[in-house]
Amino acid sequence: MVMVNLILILLLGGVLAMLSESVSENMPRRVALVVILVDLAYLLSELSGMPSLTQLQAPVPDDPSTWLMHFKAQWIPAFGISIELALDGISLLMVLLTLVLGAIAVSSSWTDIMVKQGFFEANLLWTLAGVLGVFMALDLFLFFLFWEVMLIPMYFMIAIWGHENRGYAAMKFFIFTQASGLLMLVATLALVTVNHSATGEWSFSYFDLLNTAMTEQTAHWLMLGFFIAFVVKLPAFPFHTWLPDAHTQAPTAGSVILAGILLKTGAYGLIRFAVPLFPDAAMDFSFTAMALGVAGVVYGAVLAFAQTDFKRLVAYSSVSHMGFVLLGVYAWNELALQGAVMQMVAHGFSTAALFMIAGSLQERLHTRDMREMGGLWQQMPRMGAVAMFFVVASLGLPGLGNFVAEFLVLLGLFQVNPWMTAVAALGLITGAIYSLILMQRSFQGEPNPKLQGHGLVDFAGREMLTMAVMMVALIGLGLYPQPVLDMAQPVLQSLLDMTSVEMMP
Amino acid sequence: MEGLNIPLNHILLVSTLLFSIGMLGLMIRRNIIFILMSLEVMLNAAALAFVAAGAHWGQPDGQIIFMLILTVAAAEVAVGLGLVLQVQRRFKTLDMDSADRMRG
Amino acid sequence: MVDMIWLVPLIPLLSSILLMLGSATLPRVLIGLLGVCSVGAAAVLTLLVGLEFLANPQPFQLTLWTWMQVGDFSPGIAFYFDGLTLVMMSVITGVGFLIHLFSTEFMEEDASYARYFAYLNMFVAAMLMLVMAENLLLLYLGWEGVGVCSYLLVGFWYQNSANGQAARKAFVVTRIGDTAMALGLLLLFTELGTLDIQAMMGAADQQWQVGDRLPLIACLLLLGGAVGKSAQLPLHTWLPDAMAGPTPVSALIHAATMVTAGVYLIARTNGLFLLAPTAMMIVALVGLATLLMAAFTALMQSDIKRILAYSTISQIGYMFLALGVGAWTAGIFHLMTHAFFKALLFLGSGAIIHYLHHEHDIFKMGGLRSKMPVTFWSFMIGSAALAALPMTSGFFSKDQILLQAYMLPEAGPWLWLGGLLGALLTAIYSFRLVFVVFFGEAKTQPDGDTGWRMALPLVLLCGLAMVGGYFIIPVAEVFPAASTEHPAHWVEYVSISVPLIGLLLSYLIFHSGQLNVDRLVNSSLGQSLRRFWFSGWGIDWLYDRVFVRPYYRLSGTMLNEPIDAIYGLIVAINQTFNHWLAVSQTGRIRWYVASMVFGLILVLTLALQIPAEAL
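Chains as they are written, first to last, in numbering that gives the first Met the number 0: chain A, 0 to 504; chain B, 0 to 103; chain C, 0 to 614.
Heads up, a few of these hints could be off.
Unchecked claim - Here are some chain A residues pointing at chain C (derived, C-beta under 10 Å):
hint, residue
1, PRO76
2, PHE78
3, ILE82
4, HIS239
5, ALA303
6, ARG370
7, PHE442
8, GLU445
9, PRO448
10, ALA459
The hints are simulated quantities; they were obtained by calculation from the structure and are not laboratory data. Built from N, CA and C at the ideal position, the CB exists for glycine as well.
Chain A extracted, bound-state conformation (with noise of 0.2 Å):
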């Protein structure tokens, strides 16, 4: 019941700030905040009266009493449709990551939403309601309607607050979403017909279907279509041309919920579905995935060099670094998987604090061309030091979180493939220089004369406190991950021993 109250705090919620605009302007934002933070509240309070996540047993992946929680209510019995939810070690990370850069993301859009305010804080809102539902659920059926549920509040905050060229930017981050989704659906239902016609019940419980019986050819098919809808969502090359539209287009908090949070998802999915219910496929078709992975790193980093847009080049900072999960996921090994899990907390926070920064430049500078800044650092020394933080962060500075997630998944995939391992590394280097060019173009080089005397102000209290956050998470994930590692290690560890079972001849 937990999972449900969480879900259902956010959902209601989002229709009390929508209702609390009447009250005042100001009011939703509050709301909203007020919302995250008992959300938040509340899950550690429930956390609190469980044992200590560090002494889980691992969960047994098909035995849903393993579990750290687990709810199942009918829905339509007819099918087998129920609504089944559950928390295991990684969901309850991205649980916890999607509730922090929640709270972080409504913070970061305090000021700059001049109209609606209520229906926009409401849509925050219902996107992260929707995006819990995806880290928990596990009936296939509930799995895709949360899909669903993220992506749509989602285009309403890119198409009515973005930028300029927002209707294009929000239109094509549906169609790609939803066609990519569409193929899930698909791949569901015919993993559902398939397990119906093995042993003649219906069921989209995640536990039923993990062991179905199925022709190779059939598991290569279906592991397709989960296989793309998640990578669409990851985003990997060649299917992240969506990304950087969306995310250069969407309002400030859109981007920090897109790229900390929904691109995770994607991620999510992987680990979760698209390897362990066709664990033999996933390994046949591992090369090419990781081949896949391979050139986003690359291409991402070679791409994110020439933009000029601040918040397009943090956009394909974010191919490269989602390419490192995907390898990571594929190496399947446990090194690999959890250089990938840490990836999604690192990537989340250090990503999201670039957007917050690129916000907090359009909102003071009216532009996010960065032929327009230049010399920023004299006048925002504070914004410049936390900018230089967070770029040395993203190009893996050990000591930070972005570094130990790299790191690992380097080591574990050297073990699956050291070629490889030695193209993925060239991302280390690329990583560099489109990184330091960023901070070259906006906050260093000659101050931009058309900026002098614009009285540009620094950052304050509000923002400092939210990038303190951020930066403490980081430090910490780069100098102590273990807490993290060990609340994802039992649940790494029997998706493991699961597929190496499933692999054996």
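Mind docking chains B and C on chain A? Use the hints.
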């Protein structure tokens, strides 16, 4: 009811004629009033066929359907006349070809 | 006492964080005090720990916490302390302290005083992590940390785009090496199952034979990191440009400490390199090639800092040569003495630049001997040590290197000969600098001579540069014992006399003018050689054409997403169909009715064609 024994075929022929006239009107008229009138004619042609068939088989169904058609026709005219007013107001004409904004 | 060793990097780190947070509010005096004293405290702690270690020379290790634990992979935040660590820590904190003190005067007028010391302290902390790390991953943390600090400090005056360019070049070029090193780490962990340096060398000894392929690959990958950081061929191009930073930064980072990290890395992992003789030979050749290339280039430069930068590259080349021939102790010894005299020279040049209104061109200086006596003597002593004149510190270290190189079977004498040529050039270019800048006629007027905060570090470093050669570094336990054989006496005499010949030549050419080389220089061959050497053997030009420009072009042409064209095609196909079908949509009721009727007739006709029994 002696003496008035018109064969069914004749009535259906009239009905078909009426329907064809209505349809022809629909196809060649541009004035929206005439279009509506043509539609009425077509509806009534169908209604006539129903009544005749009902009488022929000695069943009440035909007359029930006639009542339904009457209602549909009334509703249609109500909506149609509303449209006529709107068309007149927007385009200052009753020529339906002027309202071809949906052209692809 | 030794348990407190973790405080040594922590104090500068905390001071750095404090300076960043308080950059706007702290008074300048406090900033300077914090910056200098934190490194001073680290130096004192190092001294105390060092004394205790020397009394009882037992290596020890200290684990603070497990960094991460994934399966068998469990590197710790852990320190390892032995004689080599002590030498490195002493150099970093000792020389670092003097340079910090120097900086308080040098940077006095700068608006970003706090930012400067914050970066500089952070650098010291990162460098200490590098040399104290027990495992290669923590070493890599320090390694990248110093890289970022170097980037920040080279681009310290960020408002000039050229500085930013130099800073990025420094970071990216070293990052290329770092990536090779990271791959080396991956290989070593995958093969040996640990990154703990001592355990790893033990495991390597067990698993691998001398001359195996895997240790060779691993060593070459580590060497990639080392040549990047230590500015050796082919990744040396960043160092001359890195001179864009404040001069004390060049002294600390780009002369005394960071650039020698590569030497430290190879010395630290000597157990691996001993398993790969081919890699050792490559190290020696890289060193030799670099030292000659850089020495020729230094001879042609006119920017005082670039001369020193190329001479740094050249001297590190000697250290690589030493490592390559297995003269580990000599290599580390040269690292230490070089830190003394090169820091001295850089600080001296900093004093000149400071009082000459940021003049870098040596030919616009001259006759500074009487006006800046402290600086003059600093340069005299520094250059003497650099040229390895007898009895200076540089003499002892370089002499050892050359003699041990000679003892290497087969290639030894050739390496020795190359090293001698380098020594000759070193003497010529270092005294060329002294004669041009301090003798001759005065062309500019300095504002004065150094204040005490500049003079004290110079004087102390002069002392170290003179007597540093008599230090005995406690690294006997760290490295395998060197052979005690000595080469023939004539070899020693030649080695000693070559720098003196160089000094004489330099005197004759650049001071007395008795040896006129104008004819030689002005011949067409001389001119083209001069240009070639001046440009650093055209390597920058080559890289620009082969790597930089193609990369710009590549990303420029891909700017508009070639992949999106595929999706654009799908859109275009849809639109075409849409246009075709839209033709039928006329917006006319008559047309629609007519087509309905026609369609109806068509359907009915077709329906009638079907025989009744088929229905």
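Verification of the hints:
1. Interface hint status for PRO76(A): violated, as the beta-carbon distance to the closest one in chain C is roughly 40 Å, over 10 Å.
2. Because the smallest distance between the Cβ of PHE78(A) and any Cβ of chain C comes to about 33 Å, over 10 Å, the interface hint for this residue is violated.
3. Hint status for ILE82(A): violated, given a least beta-carbon distance of 35 Å to chain C, over 10 Å.
4. For the restraint placing HIS239(A) at the interface with chain C, the shortest Cβ-Cβ distance is roughly 7 Å, inside the 10 Å limit, so the hint holds.
5. Taking 10 Å as the C-beta contact cut-off toward chain C, the hint placing ALA303(A) at the interface holds, the least distance being around 8 Å.
6. For ARG370(A), the suggested interface contact is broken, since its CB lies about 13 Å from the closest CB of chain C, more than 10 Å.
7. Taking 10 Å as the C-beta contact cut-off toward chain C, the hint placing PHE442(A) at the interface holds, the least distance being around 8 Å.
8. At a threshold of 10 Å, the smallest CB-CB gap from GLU445(A) to chain C is about 6 Å, leaving the interface hint in force.
9. Using the Cβ-Cβ criterion of 10 Å, the hint placing PRO448(A) at the interface with chain C is not satisfied: the shortest such distance is roughly 12 Å.
10. Proximity of ALA459(A) to chain C is violated relative to the hint, the smallest CB-CB distance being about 13 Å (cut-off 10 Å).
Hint compliance for this structure: hints 1, 2, 3, 6, 9, 10 are broken, all remaining hints hold.
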